[in-house]
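Participant: Please model the entire structure based on the sequences and the hints provided.
Protein chains in written order, with the numbering used here: chain A, 1 to 111; chain B, 112 to 224.
No lab work stands behind these hints, which were simulated from the structure alone.
Predicted model, so just to flag it, every value in this text is computed and none were measured.
Even glycine gets a Cβ: it sits at the ideal position worked out from N, Cα and C.
Don't take every hint at face value.
[Claimed, not checked] A few chain B residues that face chain A, going by a derived Cβ cut-off under 7 Å, partial list only:
{"no.": "1", "residue": "153"}
{"no.": "2", "residue": "166"}
{"no.": "3", "residue": "167"}
{"no.": "4", "residue": "195"}
{"no.": "5", "residue": "212"}
{"no.": "6", "residue": "216"}
{"no.": "7", "residue": "218"}
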Amino acid sequence: SQQGEEDPQALSIQEGENATMNCSYKTSINNLQWYRQNSGRGLVHLILIRSNEREKHSGRLRVTLDTSKKSSSLLITASRAADTASYFCATQPFGNEKLTFGTGTRLTIIP
Amino acid sequence: KAGVTQTPRYLIKTRGQQVTLSCSPISGHRSVSWYQQTPGQGLQFLFEYFSETQRNKGNFPGRFSGRQFSNSRSEMNVSTLELGDSALYLCASSLEGPRYGYTFGSGTRLTVV
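Facilitator: Here is the structure:
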């Protein structure tokens, strides 16, 4: 079963524009993580935000977390063709070592 | 340092057969999780092992099993294969669990015919 739902399911933007994707989840969490997957390969860990944090940055990535709304967003600034991939949010509940993934957003950057 | 290694990379099996997939985590990582990825169901959690003990199990039938060895290497086994078991099987490792984020392998693409 999916804990998180990403929105939109697919997103196409021009190179250089910013891309925003959202994740909603259902239960209380210990942390939320974002991963990238290129063409059916393994996932790459991008960023982790804990439940007591509201915002985190890593290079061109900015993640926000709103635990009252059970939602998170991932912003990629100044997009590049190499950012074309699927992006997944994943949540870990308190007291549980199970990481559950959302449905993913397919991002296409148009050169 | 070496990443997470999954073998084999591709596999074709016939319905009814069984299959064993292997995962070697990053050196020093004691937590290994397995996921099944399909276009229809997305990423589904199979199980998580830590220091040779299964800590969590997903909602898969008993045909899916796994184990972890003392060197943290892990295997998963699927018996009596069905067409619906065709998927990308991903292994991920971490020092102590997903609270620190996972490093994934490239996966094993299993096709059941």
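Participant: With reference to the structure, classify each hint as holding or not holding.
Facilitator: Do the hints match the structure? See the list:
Interface restraint check: residue 153 of chain B against chain A, minimum CB-CB distance 5 Å, threshold 7 Å, status holds. For the restraint placing residue 166 of chain B at the interface with chain A, the shortest Cβ-Cβ distance is roughly 5 Å, inside the 7 Å limit, so the hint holds. With its C-beta approaching chain A no nearer than about 4 Å, residue 167 of chain B sits inside the 7 Å limit, and its interface hint holds. For the restraint placing residue 195 of chain B at the interface with chain A, the shortest Cβ-Cβ distance is roughly 17 Å, beyond the 7 Å limit, so the hint is violated.
At about 4 Å, the closest approach between the beta carbon of residue 212 of chain B and any beta carbon in chain A falls short of 7 Å, and the interface hint on this residue holds. With 7 Å as the threshold, the beta carbon of residue 216 of chain B comes within range of chain A, its nearest partner Cβ sitting at about 5 Å, so the hint holds. Hint status for residue 218 of chain B relative to chain A: holds, with the closest Cβ pair at about 6 Å, below 7 Å.
The structure fails to meet hint 4 from the earlier list, while all remaining hints are met.
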